Amino acid sequence: MEGVARHKVSGGKLVTVKVSYSEKIERIQILGDFFLHPESSLSLIEQALIGISASSTSEEIAQKIFDVVKSNSIEMIGVTPESIAQTVLMAVKR
Amino acid sequence: MKWRVLPLATHDAFYNMATDEAISDAIAEKKAPPTIRFYQWKPGAVSIGHFQSMNDEVNVGRCKSFGIDYVRRKTGGGAVYHAENGEITYSVIAPEDMFPKGIIESYKVICGWVVDGLAEVGIGAQFAPINDILVSGKKISGNAQTRRRGTLLQHGTILYDLNVERMFSILKITNEKISDKMIKSVEERVTSVLGHKKISEEKLYEALLNGFTKGKEFEFGKLSPEEIEKTNMLVKTVYKTQEWNFMR
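In the order they appear, the protein sequences are chains L and X. Each residue of the first sequence is one higher than the one before, starting from -7 at the first, in my numbering. Each residue of the second sequence is one higher than the one before, starting from 783 at the first, in my numbering.
Just so you know, these hints were derived from the structure itself, not from any lab.
Selected chain X positions facing chain L (in silico; Cβ < 10 Å): (1) S835; (2) G858; (3) G859; (4) G860; (5) A861; (6) R929.
Since the structure is predicted, the reported quantities are computational estimates derived from the model, not experimental observations. Where is the CB? At the ideal position from N, CA and C, for every residue including glycine.
Let the hints inform the model, and build the full structure from the sequences given.
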C-alpha cells in the first residue's frame, strides 16, 4: 500500500511523508521546507525507517529517528523527530 | 578579515546556484576571502529547497511555457519564485567561525544586514525566526543557510516587486502552508519594497550594499579564474541535471 501525509509543524515547517508499506515500511521519502544539517543525512533517517513495522507507535518511530540524529550529529530546524514520526503515522493508513 | 563584495550581476538560475557552491568550496580551501554577492535572475526562475519535490512544488509545464528556469538549491527552505527584475538576491559565504555557532543566531546576524539596508530606504523590517524578514507582519525576504566544510552559506531574496498572479501560477501552494497561520492568500502574507516605497531597484541595491557592508572592511572584487571554472563545471554536472533537480 502507499500513503502520503502532509503536516505543518507548529511553529516550524512543512513535512511531507510518502510511504510504501505492507507489514513493514518498504520505501519512504521525507520531504519539506525544513532545514537539516548536513543535508545529505536525511537519507540516513529514511534508511533507518525502512523495515520497521508499519504498526510502530509514534514514540518508536521518533526514537529511531532520534538515534540517527544523535549518532550523526544532525541538526534539525523547523522539524523534529516527533513531528516526522507523526507524519509517518498519518501516511500509514491503519 | 577583509570581505570581498561581488556587485549586483544577472545570471541564470543554474549559474547563480553554482557560483555560491564554487565560492563556498574556494573559501573552504582557503583560496578566497569571505564574500558577499548580490545577483538577479534572467530568465526568471523558481528555486526549491533541498528537501522538496520539484513536481510537488512547481508547475514545471507552466515554467517551460513561460520560459522560466527551475533549480534545486543546496540549502533547505521553501520554493521561491525569482522574477526577473522582481527582487535582489544576496549570498553571504564565509568561514563559519565568523558567525555564531547557533543557526538561528547566525540567521539573525545576516538578516540584520538586510533589515539595516531596508531601514536606509525608510522601510521598518524585522527578523522573524526561523528564516524570514517581515514588514508589518508580511514577508519581504526569505533566507536559507547551510554549512559545509567549515563554511557558512546564506542566501536570501529581498522582494522588490510582486507578481502574485505569476507566482501563484508557477508555485503549487499547499493548503497546510497557509492554514497554519490562518491566512487566506499569498497576498496577505507577502509584500515587496515597492508596496512600501516607490524607489528604483538601483536605490534598493545601494541601500542593501550599505546595510551589508556597514562597519566592515571590504573591497569590490570578482570571481577568480578557478571559481569561474568550478562554477561552469557545477552548472553542467549538477544544477542543470535532471538527477539533481528531480532527485526528490
